[in-house]
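Residue numbers (this note's numbering), protein chains in the order written: chain A, 106 to 485; chain B, 106 to 485.
Worth double-checking, as some hints may not be accurate.
Pairs involving identical chains hold if they fit within one copy or between any two copies, as the list cannot separate such chains.
What the hints assert, rightly or not - Using 35 angstroms as the maximum straight-line C-alpha spacing, the simulated DSBU-like pairs for lysine-lysine come out as follows: (1) Lys113 <-> Lys339; (2) Lys349 <-> Lys410; (3) Lys337 <-> Lys237; (4) Lys145 <-> Lys174; (5) Lys483 <-> Lys410; (6) Lys456 <-> Lys354; (7) Lys339 <-> Lys261; (8) Lys339 <-> Lys289; (9) Lys410 <-> Lys237; (10) Lys349 <-> Lys413; (11) Lys111 <-> Lys237; (12) Lys261 <-> Lys483; (13) Lys456 <-> Lys113.
Hints are computed from structural coordinates only; laboratory data are not their basis. Because the structure is a prediction, the values reported are computed rather than measured.
Protein chains: 2
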Amino acid sequence: MGQLNKNKLLKNLLHMSRQHRDMINIMPLQTGSLLTSAAKEALIEFGDGYSVCDFCLGSLVNIPSPPIKDFVHELLPPFLGADIATITHGAREGIFIIMHSLTHPGDSIIVDRNRHYTTTVAAESLGLNLIKVPNSGYPEFKIDVNDYIPLIEEHKPSMLLLTYPDGSYGNLPDAVKLGEIASKYNIPYIVNGAYSVGRMPVNMTEIGADFIIGSAHKSMASAGPCGVLGMKEKWQEIVLRKSKSHKNKEIELLGCTLRGVPLVTLMASFPHVMERVNLWNEQVDKAQWFSSELGKIGFIQLGEKPHKHDLLAFETPIFYEISQHIRERGYFLYKELEERGIWGPQPGMTKTTKVSSFAASREQLEYVVDSFRTIINKYS
Amino acid sequence: MGQLNKNKLLKNLLHMSRQHRDMINIMPLQTGSLLTSAAKEALIEFGDGYSVCDFCLGSLVNIPSPPIKDFVHELLPPFLGADIATITHGAREGIFIIMHSLTHPGDSIIVDRNRHYTTTVAAESLGLNLIKVPNSGYPEFKIDVNDYIPLIEEHKPSMLLLTYPDGSYGNLPDAVKLGEIASKYNIPYIVNGAYSVGRMPVNMTEIGADFIIGSAHKSMASAGPCGVLGMKEKWQEIVLRKSKSHKNKEIELLGCTLRGVPLVTLMASFPHVMERVNLWNEQVDKAQWFSSELGKIGFIQLGEKPHKHDLLAFETPIFYEISQHIRERGYFLYKELEERGIWGPQPGMTKTTKVSSFAASREQLEYVVDSFRTIINKYS
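Excised from the complex, chain A in its bound form:
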């Protein structure tokens, strides 16, 4: 690389702007993590590296100021319905930590077919044998948790995992029933709540799970990377076991995990997040209405119907048809939406699309539906 080119790359780093900032956001990864104004304040206040650690006495989760200790030990466990909670770099890292603590290479674990890809990768990293509970296939792709039973009897797994909801279709399987199954067979049960914790009421104890995982940068109005992990008390000694040589350092957390500003945004947004989960019924109504409106213009909803989550997947054959006849191919949709101040569908994708109604108001979603309709009419 020449010096001229290098200088250009360096210059590009100095004023990076985000073109989708402040647009109407229907991007499923992002609608649950728009920062609150309190979180934006916290970003500035604790932006400098390691500034959350000013009053650390050797344990991140016990720092008194900012009030990490109160947050992690007093507020987070009841919110998750857990006995014990801690913080992680994100949902996948939480799952890895549990797997690494509770399994041995060669063990089998049973997961749902709709799981996030990182569950597969974490298991691969640890040499685990992944047994997949199938879904019902097109168009609903539902998981029937009864299908865990024969696989449990066949494979004697070390662990069960359920993705609640999954990130592909926003399906909510019967997590409580799987809790009963896990209890009957006495197998540790993890709920991956990356798209539920912080959006909807979800309670680990009521589900009957051993662990619950949340993603703060997906669903808790937090900057990334940031996650939460709740567990039954009996697992604390195993998953949060301390180092033999460093008595206040958790081995699986490498001492401490999230030693930085995303944690403070999670905390600053938490009072808002606690309240918003109580409005979940309104979110479900809005999602169903949005899905129905999109159905009227030719979108075919996949996943459970009626839908119980804001994450919505659609087949959109009309957009695919258009993309076959124009120069921009699949990117026309992204460009048309961007011009209208809407950010969401994966750029380039047209056969199917995933959106989320969580962050936008009904008025904004009406505008989104109108925009889709206008775009279809323009190209048809």
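Based on the hints, put chain B in the right spot on chain A.
Frame of chain A, contents of chain B only:
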């Protein structure tokens, strides 16, 4: 917990302030990670969760906008003197990733006695046998890298690690000579540069190391958590191996690591960091002068003399003596410094103290020395 108490804890989360913000900072964990103004802008621009992922096509390190791809593949490797670079949650996570890729439980690895505690914890997590090269003891605590040789011959280790410099004394052992030793015995060699990468010129290839680790929230003007990892090309296939089922996802990174705003602060500060390492000689001069001035008021410097790094450890018997006779015990020093707008020594500690001269100007450090002198006079 009652509702009243809970409401109080929630209210405390809404306007968290950092009392040490904008003070003269001589706290060793923090002096290398004060944000640049470009990084502060980036915090706001990319604060919302997953907003760095707008244009992700399946691989974090290949995102074109913000220019993560250019940063990771074009700018970072030459800066580290590495063939290949990637980003991590921090130095400890980078070390864990390498250990997990290259060792098996029961393997021995040889590390320096002055290592960071997380090296021990990562090895414990993976069931590794930690062999420690001793230091020279009080008062310099130096590592002689020749001491690796007999341990290599005895233990046939899978890996060598050197902390360069260590975080306790700021000692810089002969990393180049250990590179020659590692090469002769053909053992992978990791340099933990958490306190060097981003502060001083350090080049993995010139050292003859296989891996170099950096901590962006310690030494690269970045928010936390954030780290970098450089390696020789031959290790890419092992450490950055891809998932069998998800072809663009690195297994050890669980797909992607630092999917959030600290990465963007690292990038925004990088042009400044690239330049500041060239001023390292001035930093060393300043550190030596600061140490000498503190010596005049009774501080006894530990670690290498003359010192070659801004991280400085001292015995401070005078403060311990004072603490024995007053109500605040060891906390008087923290309080006195705080009143003077100085933040650094660990609150409560008086027998020894660690400080860093990296972020403060000579004028500010003169004020710090004067303040220490005034405090000593006040209580003596």
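Hint by hint, here is what the structure shows:
With identical chains, the CA atoms of Lys113 and Lys339 are at most 35 angstroms apart between copies only, with a shortest distance of 29 angstroms across copies and 55 angstroms within one. In this assembly of identical chains, Lys349 and Lys410 lie within 35 angstroms of each other by CA distance solely across copies; the values are 33 angstroms between and 52 angstroms within a copy. Taking identical chains as interchangeable, the C-alpha atoms of Lys337 and Lys237 lie at most 35 angstroms apart only when both belong to the same chain, with a minimum of 25 angstroms there against 37 angstroms between chains. When the C-alpha separation of Lys145 and Lys174 is checked against a cutoff of 35 angstroms, the pair qualifies both within a copy, at 21 angstroms, and between copies, at 27 angstroms.
Proximity of Lys483 and Lys410 under a CA criterion of 35 angstroms is satisfied intra-copy only: 30 angstroms inside one chain copy versus 75 angstroms between copies. In this assembly of identical chains, the alpha carbons of Lys456 and Lys354 lie at most 35 angstroms apart only when taken from different copies (24 angstroms versus 49 angstroms within one copy). For the identical chains of this complex, Lys339 and Lys261 are intra-copy neighbours only, at 21 angstroms inside a copy versus 39 angstroms across copies, given an alpha-carbon limit of 35 angstroms. For the identical chains of this complex, Lys339 and Lys289 are intra-copy neighbours only, at 17 angstroms inside a copy versus 49 angstroms across copies, given an alpha-carbon limit of 35 angstroms.
Proximity of Lys410 to Lys237 under the C-alpha cut-off of 35 angstroms is restricted to the intra-copy arrangement: shortest distance 23 angstroms within a copy versus 61 angstroms between copies. With identical chains, the CA atoms of Lys349 and Lys413 are at most 35 angstroms apart between copies only, with a shortest distance of 33 angstroms across copies and 46 angstroms within one. In this assembly of identical chains, the alpha carbons of Lys111 and Lys237 never lie at most 35 angstroms apart, being 47 angstroms within a copy and 41 angstroms across copies at closest. In this homomeric assembly, Lys261 and Lys483 never come within 35 angstroms of each other (Cα to Cα): the closest approach is 57 angstroms inside a single copy and 70 angstroms across copies.
For a Cα distance limit of 35 angstroms, the shortest separation of Lys456 from Lys113 qualifies neither inside one copy, at 37 angstroms, nor across copies, at 50 angstroms.
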